[in-house]
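Colleague: Chain by chain, the residues run as shown.
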Amino acid sequence: MDIAQEFNQYELTVNDSRYVISGSWLGESLLYVLRERLGLYGSKNACEQGECGSCSVMMDDVLVCSCLVLAANAEGREIKTIESVADGNELSDVQEAFIDTGAIQCGFCTPGLLVTIHDFLDSNPEPEESEIKEAISGNLCRCTGYGRIVEAVQLVSIRRSRRDT
Amino acid sequence: MDFLIASSTEDLCELLAEDSTRQLLAGGTDFMVEVNFRHRDISGVIAIDRIEELKQWRHDGDSVLIGSCVTYREIERGPLSTLIPALAQSARTIGSPQIRNAGTIGGNLATASPAGDMIPVLLALGALVNIRSKSGVRQLQVDELITGVKTNSLHEDEFIESVRVPVLRGPQEFLKVGPRNAMVISVTSLAMVTDIDREYIGIALGSVSASPCRSSEAEHFISENIDWNNMTVPSGVIENFERLVRESANPIDDHRSSSAYRTHTIGVLGRRALLRIFRLEN
Ligand SMILES: Cc1cc2nc3c(=O)[nH]c(=O)nc-3n(C[C@H](O)[C@H](O)[C@H](O)COP(=O)(O)OP(=O)(O)OC[C@H]3O[C@@H](n4cnc5c(N)ncnc54)[C@H](O)[C@@H]3O)c2cc1C
Ligand code: FES
Ligand code: FES
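Going down the list, the sequences are from chains L and U.
Take 1 as the starting number for the first sequence in my numbering and just add one per residue.
Take 1 as the starting number for the second sequence in my numbering and just add one per residue.
For the record, the hints were derived by calculation from the structure and aren't laboratory data.
Here the structure is a predicted model, which is why all the values come from computation and not from measurement.
Virtual Cβ for every residue (Gly too), placed ideally from N, Cα, C.
Where hints are given, some of them may not hold.
Straight-line Cα separation of at most 30 Å, DSS-like style, residue types lysine-lysine; simulated pairs [what the hints assert, rightly or not]: (1) 55/U with 133/L; (2) 134/U with 55/U; (3) 55/U with 80/L; (4) 134/U with 150/U.
Facing chain U, according to a computed beta carbon distance under 7 Å, are these residues of chain L, among others [stated by the list, open to error]: (5) 26; (6) 47; (7) 50; (8) 53; (9) 62; (10) 72; (11) 73; (12) 137; (13) 138.
So here's chain U without its partners, still in its complex pose (with noise of 0.2 Å):
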């Protein structure tokens, strides 16, 4: 058994280099949760959250850098709030303040649920991964890198070094459902953002399939009859999206909610986001 505590990203590449059965510690909240309910066997464990450059975050130019140890807490107040809304919005659904003073974005990646709450935002924004290891980079974009139900396309020796956030100019939401307004893991979840420029709408859909997943057809449905002048949708169109962003999800029933009530909120959740952003042509 041993515990170490990676100085830098070169000593995490090294140390999993050496021995890749190691696991990687960044906030904990998922992690020590599994240990204190013994359902994780831990040998060897490499402490990342001490890695200066893990906890950066960096603007430039039209996106921004987020390190994978980057917390909730920084995410939902400051500058990263304003840069990607969205983001900040989920963040702030997230567990309670201990909870997001230690939760990480790339813990959340790495765990890959379906109830992630990054992570519809992020499938949303169309942001990119970087992965490490000692061997080089990769990037990934974040359906390569969820592979499944908490399971991941990552190599044994490899990290999530940071995520690539588009940051574009347009309003942006995300919307949960749970029993209440704090500690809730998602029984659904949507994200909407927009870009002004290139007259782009992305949706992704959380806690209703094995991974969050993006709602094409209504995206494109609804993208062709938005007025991005005026930023208005006709009123005869949103129910016929509302269908598309409810077919777009392939709920299961479990403890948390029925398949039934998971696709009817998921298209509340789509026409409340729609009708946040655009107002109603009259």
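Only chain L is shown next, with the shape it has when bound in the complex (with noise of 0.2 Å):
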């Protein structure tokens, strides 16, 4: 990679769009940069600090807090947000899931959740409960109690593996 990157114009690769970052200031984080200067809402911000995991984003195929990478860094990776999960009208297995367990009740952790147990179930289809309240650790939900994400992410997985065989 050049080492010399002009910092005030950068490209970012989101949801297989490229998007030119103009006139930034150096400090804004990729969640910002998504929200306010791109348009995709679908990336929650509750904290800026790491703790509640509603921004939770792909990048490079490693999910991280996209609140915690700083833009101009995310330049050359491939970031998907939760506005990639469904395709056009048609939800993921895991929104499914969601909607017919009541996971779901003001919505606000719901797209930090989906992108983290979407990557979560395609490294571990079928995992133990305990491994699936490890997953979801990061990801606050202030209404639900956990149960029913929980569910849901059971039922995907045996969903999937019927599927499978």
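With the hints as a guide, bring both chains together as one complex.
Modeller: Okay, here's the thing in structure tokens:
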């Protein structure tokens, strides 16, 4: 990678689209740029300190808090946000399961949880309950008490294994 | 204001030699919190998280050399978790999956928090930190690097390149007290490591002093009482051991805990770690 990059203009690749970001402040987080410059409001901002997980995105296939990513340092990386989880109007299986189990109340934590759970189930298709709890430990939900969220993960796991057999 | 992405350690040496006020960005889990809350003024930033050499680790002989940008996620599982189990236990208690995917061992050392969870383990193991700049390389003990609450002895143009961690034969433990199982900064923490071949026991404490510290008196006392052949410890010495652990702590009262609770729990952690590693003699 070229070491000397012009800071005040950089490019981001988000959900396979390229965006040029210009005239920004050096300290802007990826979360800020997604929401305030690109109008992608799915990733939520609740704490800006990595505690709540509502801003979770995938960066080069790694789950991270976008509030802790310096936006300029996301150049050259593939960003996938909650906006890429559904295929048009076709919901993903995790989204369906959230609806079926009633894992959503106010919905504020839901985008972050969906991104987290998709990542988790891709690497661990048949998780134990304790593993599910550890996987979502970085996503705070103030409404549901987590029971139905855990059920939703289990439901996806069962549905995927039926589908595969 | 400039933002630079270093591509190799040589690059990084040059960029820091050119302007040593530039700040290093690794996983961002401390850095970005400070930026978001306007607690950090940034005029120039160098991202170091794409430097391949810093993201590698290797096992050579009786130690592991861990690059400064190796993440907790990599430490908590896979081969590193069997080579240095206490470091893996510590990594697994840090933050959440998201934080562990990003946070690095070098960042934890540089931040030098009293509650930095890698630090007690590295202290107990006697790890060495490799520090580099354009003018050369030097090696520091962990307690020479960390000089106080969130202060370190790095010169402005230096960076942490890697950490040399001994691989020991013998059980290890890392224990931490906090209000829940995830996402907690330690109220107290304790690392205990053993080396059966050298009949060595290393104990270090977190969150009970300005910087994590060794519990030397407790180490000396207990190593004289351990039966290394049977891996047992006489029940009569436990109370004294726990007292010595408590006495090596010098905790403060803060929003996370009272000093009295810290003093109490550090003793409990000492005993618990000891009894997980050694059986009671009967
Ligand atoms: C929600 C949350 C939970 C957390 N939980 C814990 C926890 O349980 N236990 C714990 O110990 N920590 C915890 N932390 C703190 C943090 O994750 C660690 O201190 C982490 O190790 C910092 O590493 P980083 O790569 O993210 O560093 P960065 O944030 O990128 O940098 C931190 C500092 O270190 C400097 N630095 C980084 N790398 C180097 C280098 N190679 N050489 C010289 N200087 C360098 C930077 O300039 C900066 O000053 C938590 C943080 C968050 C946000
Ligand atoms: S907004 Fe990023 S973790 Fe809360
Ligand atoms: S549904 Fe309201 S925060 Fe989770």
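Colleague: Are the hints correct? Go through all of them and say.
Modeller: Hints and how they fare:
With a CA separation close to 29 Å, the supplied pair residue 55/U and residue 133/L stays within the 30 Å bound. In summary, the hint linking residue 134/U to residue 55/U is supported, as the alpha carbons are separated by about 20 Å, within the 30 Å threshold. For a cut-off of 30 Å, the pair hint linking residue 55/U to residue 80/L stands: about 23 Å separates their Cα positions. Annotation: proposed proximity of residue 134/U to residue 150/U holds, straight-line Cα distance about 25 Å (limit 30 Å).
Checking residue 26/L against chain U by beta carbon gives a least distance of about 5 Å; that is within 7 Å, so the hint holds. Taken as an interface hint, residue 47/L does not check out: its beta carbon lies about 9 Å from the nearest beta carbon of chain U, beyond 7 Å. At its closest, the beta carbon of residue 50/L sits 6 Å from a beta carbon of chain U; the interface hint therefore holds under the 7 Å criterion. Checking residue 53/L against chain U by beta carbon gives a least distance of about 6 Å; that is within 7 Å, so the hint holds.
Contact between residue 62/L and chain U, as hinted, is supported at the beta carbon level, the nearest pair being about 5 Å apart and thus within 7 Å. Given the 7 Å rule on beta carbons, the hint for residue 72/L holds: about 5 Å separates it from the nearest Cβ of chain U. Contact between residue 73/L and chain U, as hinted, is supported at the beta carbon level, the nearest pair being about 5 Å apart and thus within 7 Å. Interface restraint check: residue 137/L against chain U, minimum CB-CB distance 3 Å, threshold 7 Å, status holds.
Taken as an interface hint, residue 138/L checks out: its beta carbon lies about 2 Å from the nearest beta carbon of chain U, inside 7 Å.
When each numbered hint is compared with the structure, a violation occurs for hint 6 only.
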